[in-house]
Amino acid sequence: MGLDFPRDRADAVTAATSFWTSVNRRDFLTGSGFAASAFTTPVTRWLVTPADEPADMAGGRRVGRADLEELRHAADDARRWDSKYGGGNWKANSVTLCLQTRAAPLLGGSFSDTVGRDLFSVTSELSRLAGWTAFDTGQHDVAQRHFIQALRLARAGGDVQLGCYVLTTMAMQAMLRGFASEAVDMAQGAYERAKGRAAPRVLAFTKLIEARAHAHEHNARAASRALAASEDLLSSAEAHTGAEPAWIDFYGHARLSADAAEIFRDLKNPKAALAWNQRAAAMPPGVFTRSVGMRLAIVATAHLQARDLDQGLDLGHRSVDILARVQSSRARDYVREFITALGPWRREPTVRDFLHRTRNELNVAVA
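To convert a position in the sequence shown, counted from 1, into the working numbering, add 748.
Simulated from the structure, these hints should not be mistaken for lab results.
Hints should not be assumed to be uniformly reliable.
Stated by the list, open to error - Below, computed lysine to aspartate or glutamate pairings styled on EDC-like, alpha-carbon distance capped at 20 Å: (1) K1016 x D1069; (2) K943 x D933; (3) K1019 x E1085.
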């Protein structure tokens, strides 16, 4: 359940609403995990047909603009709480309840083509957010299913650029689950299908994730090429006068620079990683708590790669200070990567103190 990507729009609504009704059951998906192959059919079908025909429907009560605004506010709130407190906080987790109790009945209502397209799009974004919060807390099987439903709903709404963004998010999940090659294909597919139909900033994000996937494959040339393409597209976005979707406003040059530091950390090029970090503007920890803590862990690891233990540990401690307030297993993975890089200094007293702290405050076990 939740892995279907029906060709027919009515079947897609049924599949999505059935999944939302079942996903919070205690016995749902017990023992299952992420499978990259489950993305094959959804990705293929979206690439073939990224937008459905007109989205009008005659069903239950009439859906109006006020209903759409309520869903948009729910999505905005979820984004803010996720950034500040991580995917495990109660507000971010409430997205699945919103999908089940508010979005699902609306999808069975009556609406014009214009309202229907907006309804499918905002519901797609809610499903993507539900997937993101599940992904952030390590529920990769649930996240995968939410992403697939989000991609199908974006197609139902004829929203190609949202579909591009959802597919790019799916590529990111595949990459971080160890399927970097598949992630490259997905990011490239998203870019090619949405080129000419999506805002430059949306396309720039696809190139960023492609660059990160290449870095996971240790392909420095391809990573640098995709990163440069993302930077060029961002420059185009600054001069772009057309409307941009609100969900992509986070991606600017500061975010690119921060992710570039991670790319070159993965490529074990600490000099480039630290240089890019210098270009990344400071983010307020009270707003982007998780991102700030993860970035500190990334830069700390780059310092260890440069054989600078003192600076690395200082930033590592600052990362723990922040991430102790966040419910995010993904953020803790960055701390684990830093701990792995501490291997050559494992016997140092300052390192043992740090490991003791991460075990007590983050519940991050030492391998």
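Against the structure, the hints come out as follows:
1. Between K1016 and D1069 the CA atoms are separated by roughly 26 Å; this puts the pair beyond 20 Å, and the hint is violated.
2. Restraint check for K943 and D933: the C-alpha separation of about 15 Å stays at or below 20 Å, so the hint holds.
3. At roughly 18 Å between alpha-carbon atoms, K1019 and E1085 fall within 20 Å of each other, so this suggested pair holds.
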